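Protein chains in written order, with the numbering used here: chain X, 177 to 474; chain S, 7 to 430; chain Z, 16 to 311.
Hints were generated in silico from the structure; no laboratory data involved.
There's no promise every hint is true.
What the hints assert, rightly or not - With a cut-off of at most 20 Å between alpha-carbon atoms, the simulated DMTMM-like pairs for lysine to aspartate or glutamate come out as follows:
#, chain 1, residue 1, chain 2, residue 2
1, S, Lys178, S, Asp373
2, Z, Lys120, X, Glu309
3, S, Lys131, Z, Glu128
4, S, Lys157, Z, Asp146
5, S, Lys423, S, Glu330
6, S, Lys332, S, Glu238
7, S, Lys132, Z, Glu129
8, S, Lys264, X, Glu314
9, S, Lys131, Z, Glu186
10, S, Lys393, S, Glu364
11, Z, Lys120, S, Glu238
12, S, Lys263, X, Glu314
13, S, Lys263, X, Glu309
14, S, Lys244, X, Glu183
15, S, Lys393, S, Glu409
16, S, Lys237, Z, Glu129
17, S, Lys264, X, Asp179
18, S, Lys131, Z, Asp146
19, S, Lys231, Z, Glu129
20, S, Lys244, Z, Glu128
21, S, Lys423, S, Glu175
22, S, Lys263, X, Asp179
23, S, Lys292, X, Asp310
24, S, Lys263, X, Glu183
25, S, Lys263, X, Asp310
26, Z, Lys97, Z, Asp17
27, S, Lys157, S, Glu175
28, S, Lys287, X, Asp310
29, S, Lys287, S, Glu316
30, S, Lys231, S, Glu175
31, S, Lys264, X, Glu183
32, S, Lys157, Z, Asp133
To be verified - Looking from chain S toward chain Z, a few residues come up when the C-beta cut is under 10 Å (computed):
#, residue
33, Gly86
34, Arg102
35, Lys131
36, His200
37, Val232
38, Lys421
39, Lys423
Bear in mind the structure is a predicted one, so any value in this text is a computation, not a measurement.
Idealized CB from N, CA, C, for every residue including glycine.
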Amino acid sequence: MEDFLYEVVEITQAIWDGLLFGSTYALIGIGFTLIFGAMGKLNMAYAGAAIAGSYVGLAVSMFFDAPIILVFAVSALVSALMGYIVYQTCFRFIPTHNHLAALMASVGGLFLIDEVIVLATRGSPMNFPALFEDAYFEIGPFGIRGDLIFVFFIGLVSTVVLLYVLFKTRLGMATRAVAQQDVAAQLCGINIHRTNSITFSIAGLLGGIAGAMTAAAVGVLSPVIILPLTIKGLIVTVIGGLGSIPGAIIAGLFVGGFENFFLYVRGIDERDMYVVALLFIFLVFRPNGLFSKTINRD
Amino acid sequence: MKHLSKLMGASLLLIALSIPQSAIYAGPSLKVLGWGAKSGPLKSFGVNSEAALRSAVAEINSAGGVRMGDGSMAPMEVIGYEDSACKKDEAIAILRKTASTTDAIVGMGTTCSGVCQAMFGVLQKKVEDTSDSGVQMPILADTCIRPGLAKISEWSFRNVPNEITMYDELFKWLRTAYPNVKTFTGGSETDQGHSFITYTAIIVQMAVKHGFEWVGPAVPALGPKVKQGMKELQAAAKSQHWLMGDTNYTVQARKIKKQNADMILVASHPFSACGFMKEMKRQRIKPKLLVGLTSSASQETLNGCMSAAEGIIIPTGFAPITPEAKKANSIVSKAGGFLDLHSSAAWENAYLVKRAVERAAIMGRPDTLQQDRRNFRNALASISSQKGLIGPLTRDGSTGEAEKPYVYVQVVNGKWKVIHDPNS
Amino acid sequence: MDFYLNLINTIGIHTMLGLSAYLLLQTGQLSLAQAGFFAVGSYTAAILTVIFQWNIFPAVLAAMFLAGFLAFLVGFPALRVKGLTLVVATIAFSEFVRMFFYNLKWRVTRNGEEIGPDGTMGFAEIRYFSDNGWSNLEVTFFLWTFVIIVMGIVWWSDNSRSGAVLRAVGEDELAASSVGINLTVIKVSAMTAGGFIAGLAGGLYAHQVTSLDHHSFTVLLGTFAIAYPILGGLSNVFGTLVAVIFIQGLLVEGLRFLGDWRMILFGLLIVLAMNFKPLGLFDKHTIGIIKKVIRV
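Based on the sequences and whatever the hints tell you, model everything.
Following this line, the structure appears as structure tokens:
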């Protein structure tokens, strides 16, 4: 009985930690889903831009000894700017129906970002300042990471602000209009390119927040995390349902908890295989994800 | 058509340009070609090794150069240092390029063990085996730490510390220096061959050998001999390991915390080692001793987590503790690189090459190239001991395994400090 | 000579990798699964020649069939989804295969030495060519025989009804199905054919590099596999070949002296190429020009 209770505690702890960390996956998933929702396209440079923003934030903290909040803000803003640049260079001039070329261009952007980071850091991992690093509370047998709660909180706030912008502002309405039916949106006088660039910037902002939160949660930055984050983000987007923000949120949290559960129960070698298996189950039984959004495109 | 021919022309031109031009010295010179990772996340390896190699060669040349087969002194010439990005295909391409289009006597590189494994595989296995069509070109690698590489080919040489010896002596010393440390546990990155094998086949076993008690998940088969209980250990401790690029170490740290060990082993390269150690700090895990993997005894670990890594002890093949080492250190720093256990081997290799050349009577003419390479290889194989930066380098002629001196360093106040030199 | 032959071999293997993605891309499906089939081909051929001491020719063929069969099995469930979902599904499949091989341990003792795949340490000493005294020229001929056959088959496909059917599915699925084309059959066939080709390429690759580990088979490889046909253009086999020559010959090998800047330049070139020639280098426009010049 004692053993059983012990296991329950440990499993709960693992799921809890994973869930909180999953808020970063949720943010990345929202970013992918926003872009997909708006343009029906995949931006492979997304996680790269998110992490690159954090590097700039880090540089700011190293040269100007800035407070951490400023570091996060700079990271987010730089990633937003990079989102804008990625749109202009990889998506804007490519014909709308040509998904392959845009994808390839964003892959090129990813290689570029990755290698620029390596060039700037000589390939070395870099220490990233953390907020609430010492905030670790032990409540009974459980250990609660204060910084992860902060990460979760920021994720929550970002999502709420995003939803507000999307549903309560004209800008948001324009974004949703373009996502639903871009020809009709143009007929209503909405400038597609301006709206899409703003969508990319907003997605970039979210990515930058996710990147900074991830960097702060791990405490170290390295380009080696870009690819795993891209893959997890994409899996979260698909499980949540393409184009669905609530889907991305729930899927992100779920995948976070799920992978930590399997890490505890089955060990590191099988952990990612279970995440892939989860995706396959969804693809077989619910290919449109948790909350499918059929986007009618001509 | 215009576009196509322009494209083809440009391609051919650039491929031609990529062949290193050996035109620096008008007279005869002893040519070597180096390669390593100058791009990608392991970029520091190549940058440091190149700086070390070129600096050492410059030192050799300013002291007169090397004696060729006809008795004259000639300069050593690094005709190129190519970027292999720690990728197998690229290193093999560079190897074949060096062997077939240049008159370099030896190829010097790389640092990444997985790459060496592939590179050595394309070499001729045994020198006398004429039915083996593998490449016949000596390779002298700086590092490439991984057990089992020496046997792949007789043309391959590595200047690499012996991890079995290093960890054996480390735990022997720790037992006496820290008598209140009795129990241990640890974690490793499983998707990096070198880290995981060294941890599960060598480090843990050496700790057991010197009387430390394993308090991780039960592994009855675990014993004091290298590889003893390795499979069982790998199977038992799965949830306290991680992957190289992982971002969340809470489960692993918590598990290890519960084991309440006096000593914790972190067998991982800098990024994930730092991620794990930061989590340890967060969860207030304060072992009496922290021991790390050789590859993390570098500047990268300090860049990533100076304060979380405080106190970690790692065996390394280089520290500026002798006059030669100090001098080399300052020369290489001026050249834009760091001397650490990886790149110091590149420096030492230059001197090793000089010694082998002078033993081998290298003629250095284009028509003697293949014979020169063979003679060089034989001479290098016959060297059983060579002066290194912090002590003698030795090589066992029959197994091909190398040994070199080592010291133990520890992060003290954010810097690496030598805390024990087993040879003094 | 050795160096150039090696480069030609690399170009050959990558061309096959690119062509394995080519057919499915023509149907408008973006699949990043090629790395997975390539890995299966590599390990299968290597296990057969090293552990079971097969001759290389049947080993490579067996690798091809196994990878093709796997592609067939994967095709049915995978191709029920499209677009971004398919991309993610194939990435996940590729990663699953990679993780499988990173866990694979199959050690055999021969002549006092242990050989075979060893988990994360990888699979070393796949020495069929050098053990059997093949000269570099022989290896190149062997390899390129396969490449030319594959190119020939794909060329034939492009210029026959099957190519038209593939392109029809790629242009407009609704219209294609309304003229009686069975979409599922076509897409699964394209994927299976791609699996065959990738498996073949992988089997040859294993013997070229003599050592395999999971680091070689990441999503990055899958990205290169689709990059070649997209950059080269989906209407002509030679487009893929030229793209491979450009990337592997010019960028990777020729510009090696640039170090870091190689990848940066590579990224930049891809972005520029896609903006100026979104249908690839050898799109219909360029081919029209080439045809005119050849006629002249």
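Open item on the list: Need the status of pair Lys292/S, Asp310/X: alpha-carbon distance at most 20 Å?
Closed with: Roughly 14 Å separates the two Cα atoms, so the pair holds.
Open item on the list: Just to be careful, I want the Cα atoms of Lys287/S and Asp310/X compared with a cutoff of 20 Å; is the pair within it?
Closed with: holds (8 Å)
Task: Holds or violated: Lys263/S to Asp179/X, with C-alpha atoms at most 20 Å apart - done: Roughly 18 Å between the alpha carbons, so the hint for Lys263/S and Asp179/X holds.
Open item on the list: Can you confirm whether the C-alpha distance between Lys423/S and Glu330/S stays at or below 20 Å?
Closed with: holds (18 Å)
Task: Pair hint outcome, Lys263/S versus Asp310/X [Cα-Cα no greater than 20 Å] - done: holds (17 Å)
- [ ] Take a quick look at whether Lys393/S and Glu409/S sit within 20 Å of each other, Cα to Cα.
- [x] Given that 20 Å is the threshold and the Cα spacing comes to 12 Å, the pair holds.
Open item on the list: Hinted pair, alpha-carbon criterion (20 Å max): Lys244/S, Glu128/Z. Please report holds or violated.
Closed with: violated (28 Å)
Task: Holds or violated: Lys157/S to Asp146/Z, with C-alpha atoms at most 20 Å apart - done: Status holds; Cα separation ~15 Å.
- [ ] Decide if the proposed pair is consistent with the structure: Lys264/S and Glu314/X, CA atoms, cutoff 20 Å inclusive.
- [x] holds (13 Å)
- [ ] Go through the hint on Gly86/S and say holds or violated, using the shortest Cβ distance to chain Z against 10 Å.
- [x] With a minimum Cβ separation of about 8 Å from chain Z (threshold 10 Å), the hint on Gly86/S holds.
Task: Hint consistency between Lys120/Z and Glu238/S [alpha-carbon to alpha-carbon, up to 20 Å] - done: holds (14 Å)
- [ ] Verify the proposed pairing of Lys231/S with Glu175/S, using a straight-line Cα cut of 20 Å.
- [x] holds (14 Å)
The structure fails hints 1, 2, 6, 9, 20, 26, 27, 37, 38 and 39 (numbered hints given earlier, in ascending order).
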